[in-house]
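Chemist: Letter by letter, the chains look like this.
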Amino acid sequence: MKHYTRIQDIRQDLEAGLISCAQLVEHYLEREQANRHLNAFVEVWADEARARASEVDAKVQAGTAGRLAGAVIALKDNLSYEGHKVSNSSRILEGYEALFTATSVERLWQEDAILIGRTNCDEFAMGASNENSAFGPVKNAADPTRVPGGSSGGSAVAVQAGMAHASLGTDTGGSIRQPAAFTGLFGSKPTYGLISRWGLLAYASSFDQVGPLTQSLEDNMLLTEIMAGPDGKDASMSQAPAPTYRSAQAPSKARFAVMRQALEHEGMDAEVVAQTKALMAKLEAAGHEVSVFDFPLLDAMVPTYYVLTTAEASSNLSRYSGMMYGYRSPNATDLESTYTLSRTEGFGAEVKRRIMLGTFVLSSDQYDAYYNKAQQVRAVIRQQTDEILASADAILIPTTSTPAFELGEKSKDPVAMYLADLFTVQANLAGNPAISIPLFKNEQGLPIGMQLLGKREEEQSLFDLSKLLVDLVF
Amino acid sequence: MEFEAVIGLEIHIQLQTRSKAFSSDSTEYGAMPNNQVSPISLGHPGTLPKHNIQAIEKAVKMGLALDCSITEVNRYARKNYFYADLPKGYQITQFDTPLCVGGRVPFKPKDGEPKQVRLIRIHMEEDTGKSMHDQDLYDTLVDYNRAGTPLIEVVSEPDIRTGEEAYAFVTEIRRLVRYLDICDGNMEEGSLRCDANISIRPKGQIEFGTKVEVKNMNSISNVKRAIDFEIERQKECILSGQAIIQETRGFNGLNGSTFSMRKKESNNDYRYFPEPDLPPVLMTQSDVERIRQEMPELPGALFNRFTNDYGLSEYDASVLIDDKHSAFYFEAVCRQQNNYKAVANWVTVPVRGYLNEQALGMEDFPLPPESLAELIALVDEGVISHSIASQKLFPALLENPKASARELVESLNLATNTDSSEIEGIVKAVLEQFPDKVQAYQSGKTGLIGLFVGEVMKRSGGKADPKITNQLLQKALQSL
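For the protein sequence lines, the chains are A and B, in the order given.
Per the working numbering, the very first residue in the first sequence carries number 1408; after that it's consecutive.
Per the working numbering, the very first residue in the second sequence carries number 57; after that it's consecutive.
Just so you know, not all the hints are guaranteed correct.
Below are the DSS-like pairs computed for lysine-lysine, each with C-alpha atoms no more than 27 Å apart in a straight line [to be verified]: (1) B:Lys267 / A:Lys1759; (2) B:Lys106 / A:Lys1492; (3) A:Lys1848 / A:Lys1409; (4) B:Lys448 / B:Lys531; (5) B:Lys166 / B:Lys267; (6) A:Lys1848 / A:Lys1689; (7) B:Lys484 / B:Lys514; (8) B:Lys106 / B:Lys186; (9) B:Lys135 / A:Lys1780.
What the hints contain is simulated information worked out from the structure, not anything from laboratory work.
Note that the structure is predicted; figures quoted are calculated from it, not measured.
Starting from the given sequences, assemble the full structure and let the hints guide the process.
Modeler: Structure follows, in structure tokens:
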């Protein structure tokens, strides 16, 4: 089977009768069988995908197929799909089936996407290595001794290893972009409020966004466009009308702002720095403006992010109590023990750590010192980000400070793990769109992603600038 | 030692909206348990709340009715705690930006002076489910139908001093929610709930005593009973040298006492923080003005108008405005009939008597205002007597509310008899029947005229014109 990186190519061949959805589904299912050791999927909906494929094939024949006909897509295990299990890769949701479908998923479905399964992730999307899953770690297909990044690690590897054409992830602090960088994919997080969170199992409500992991920029744009736009079920959304994107066009002259610390911060991988500098030089040589700026609050970003996300998480995860659904401890004897035992046994260590941290920062005697302060810092970060973007079209930074690290390397040191989010949390703190673009590989062949962070609600410009980088490098 | 009680009330009012505060689930009371629920009210993962603008506007009406200032930027907050009837593990409420700030509740306690109680705030929140501890031998059952119902919580300053004042305060609140049509005010069904914070202190002392919170008072009279009991209990405690324990107490309606439910050793930490799923709701000055225009006239304004424009006594006015349907009915009759005093009498006495007898509310009163106006006109025109009107025509109209009063007078032959010769005949017959009374009258017992009039009335079926009857009797007695 020919390898497709763009849905438009699949569509062309479908209409030319060169392939069928049924063949595509069989292909991905075979790949999934062959790559079980990567542990990317929690559940594969093989029979359903096959049935759906023949439905879509019929639509293609009839000329009534939607824009995603032929696109076989995997869903992160924190997106609801009616009648299907969804667990956030946690024991606490054992046996739980979604009663409704996430708006993002519903919109893909309406365009005739074929949903192939749900993918492994860090439990409740908390993690940067996909080692925090109740279903065990996901492995990077480029080197199975290394992590795929997290938390959408399964979604990344499913596409990286050809087990799905594209996937959906969610990004609270980099959970789409960081695994995309580690696996050589395009991964974008749209402006906060562009894509409905209805049906997304919340981690931190004011940060969470759904976004696509794709092999091409075109697919990334298409999936974003289809999912974007107001949804009456999510009050936190932008009320701007749904965007439509034209094909990405590289601007002839663009302004990039590079954060100085990204080139100088301790812990930066030498090859990542070298590639970044080479890219800067190339951009300048091509007549683009590259300026370097200082972002003094860089070191405050990760702490701010963790104070606010754990605060929201501690509240969002209170509903997992063993009362209404999911896991209930068999040892519970009364209300109190139903809560404590179900939650103690149902949540993994990282989730419990974050719930406790969030509970602490919200407690009345710590609230001002942590939560309130972090809200203030968040406002300043947003403002400073806006200031930088007032004189630049996008901020250019490596998505991660290093390529994919080894399994177990950081899992014993939460702080080192938290720093893996160093360059990705800014977009979530400020609500801006950002995309990780698979531009480089290191000497060992591990992917390196470069990140562009653009203005809020200006995804088109972000995609145009992405095209510029892609054209420049390839 | 003389003590003074210091009482603050927290009143939870369920807003009458078709759907819940943050979802489209129905809010109907009395549905089968756990039937009015959706993934949102059950707090399923992936669900998100949505504002119910209808509920917010109703809350604004309450704030305007109580002279509160309305907050422009309304943020919502989460109050976090674990309980079985709280599906999400947090309640969506308001914390630092209550919708309504300040305000006051004027009322007049029974046999007391008019008083105003200041309000601290009115904020919006969602109701919890209902835990039922008495439905099953071993387990507590939970009905989530109520979860997510929009509530407002009215919090008073501790300005209340007696159970009687609390009674009048809650009565006034209930009357207002009914006027505003935002809640049925039914305490038995729990659509209006009252908690009281009660402490006592020696009269003259500024510092507050230790406060006790009393819950579960499911009627206004129980609010008064519970407070009266609690004040006495606290007095006895202090006089016997015991300390008051800060605690939450329940009320036992069967014996009128309060009982300890839980001690408050330290305040719960609810970890309030801004609700990230809901943007703030803006309530601009022009929104507030628009909502104000939609409000009905309130009892205070009606009282002033009824006493000034219609010249009613304060008593009549206050009885009429007790219930908005009576007040509005009164006004509707007055639009056709300018004998306002008579209208007030009819609405407050016979109409009310009929409603009490039938256990109906004024809103169910069958007679259109035009009919009552016509009935009063018939009396005023002398077509029928007052007693015929109240004893014959009014009941006849109630049996046949669509009939015209005038036609009924005709078909039932109720018109006053002004035919002098006919009445003269009756007068003659009556005087002949009571020769001894006639003698007594003539020897000075002129009060007996009443007896003769009554007899004439009786014989005429109440229809003899009283004025003519009187004249003819006087004349006949003199000429005997």
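Chemist: Confirm or reject each hint.
Modeler: Consistency of the hints with the structure:
1. B:Lys267 / A:Lys1759: Violated, because 37 Å separates the two Cα atoms, which is more than 27 Å.
2. B:Lys106 / A:Lys1492: With Cα atoms ~25 Å apart, lysine 106 (chain B) and lysine 1492 (chain A) stay inside 27 Å; holds.
3. A:Lys1848 / A:Lys1409: With Cα atoms ~24 Å apart, lysine 1848 (chain A) and lysine 1409 (chain A) stay inside 27 Å; holds.
4. B:Lys448 / B:Lys531: The hint is violated at about 30 Å.
5. B:Lys166 / B:Lys267: Roughly 26 Å separates the two Cα atoms, so the pair holds.
6. A:Lys1848 / A:Lys1689: holds (17 Å)
7. B:Lys484 / B:Lys514: holds (14 Å)
8. B:Lys106 / B:Lys186: Holds, at roughly 22 Å.
9. B:Lys135 / A:Lys1780: Roughly 20 Å separates the two Cα atoms, so the pair holds.
Hints 1, 4 from the earlier list are contradicted by this structure; the remaining hints agree with it.
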